[in-house]
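Enquirer: Sequence:
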Amino acid sequence: MVLVLVIAFGCVTQKKRGERSALGKLYENTTARYNGYYNATVLLQESLLALEQQHQDNYNALLPLYPYMAVDNARSVSSQLDEAIKKVSTVVALHRSSRWTDDCYLLMGKAQFLKQDYESAEETLEYLVEEFPPDNPVQEVAPEKRKPS
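For the sequence shown, our numbering assigns the number 149 to the last residue and increments by one with no breaks.
These are calculated hints, taken from the structure and not from any lab test.
Remember, predicted model here, so these are calculated numbers, not experimental data.
Keep in mind that a hint or two might mislead.
[To be verified] Label-pair restraints from in silico Cβ distances:
1) P133 - S21: 39 to 49 Å
2) E123 - M1: 22 to 32 Å
3) E122 - D82: 17 to 27 Å
4) S21 - M69: 20 to 30 Å
5) E19 - D57: 51 to 61 Å
6) E131 - Q53: 15 to 25 Å
We put the beta carbon where it would ideally sit given N, CA and C, even for glycine.
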């Protein structure tokens with residue numbers, strides 16, 4: 001059985017130079033998502049929670065819409081956000097061809113924004129928009145509003 005699989009995959013037609021096989025793409029996508037991207041997402045969520053817990057509401061003034069943005073100093077979670085940025089940067093460097101590269105850039109921009117490093121966040125998000133434009137954004141339509149074909 002194993003011999004048949006080896007022979008079948010060994011006789012694959014030629015592909016373009018540098019193009020990954022289906023198994024290679026699966027590996028890239030899986031390791032990108034469940035290693036660096038997942039861990040960075042967890043770090044970002046923990047940072048948001050910590051920032052929300054630091055915030056004290058002042059009921060004599062307007063309440064902020066996003067409590068984590070009302071914290072004056074985000075240094076308490078700066079190390080977590082730096083670690084999240086490092087993790088997604090590693091994913092981008094090692095798994096550039098994965099489907100999670102654009103998500104990594106978005107997460108990197110969010111982390112930089114929460115660190116209050118607004119210039120870097122702006123550069124990262126501008127790069128994201130330039131390099132990964134939404135070619136065909138998916139629009140959800142309720143089943144009852146769909147036109148019958």
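Enquirer: If a hint holds in the structure, say so; if it does not, say that too.
Expert: Evaluation of the provided hints:
1. Taking 39 to 49 Å as the suggested C-beta distance range, the pair P133 and S21 does not conform, at roughly 27 Å.
2. Between E123 and M1 the beta carbons are some 52 Å apart, a value that contradicts the proposed interval 22 to 32 Å.
3. Taken as a hint, the range 17 to 27 Å holds for the pair E122 and D82, whose Cβ atoms sit roughly 18 Å apart.
4. Between S21 and M69 the Cβ separation comes to about 44 Å, which falls outside the hinted range of 20 to 30 Å.
5. Between E19 and D57 the Cβ separation comes to about 55 Å, which falls inside the hinted range of 51 to 61 Å.
6. Checked against the given bound of 15 to 25 Å, the beta carbons of E131 and Q53, roughly 35 Å apart, lie outside it.
When held up to the earlier numbered hints, the structure conflicts with 1, 2, 4 and 6 and fits the remainder.
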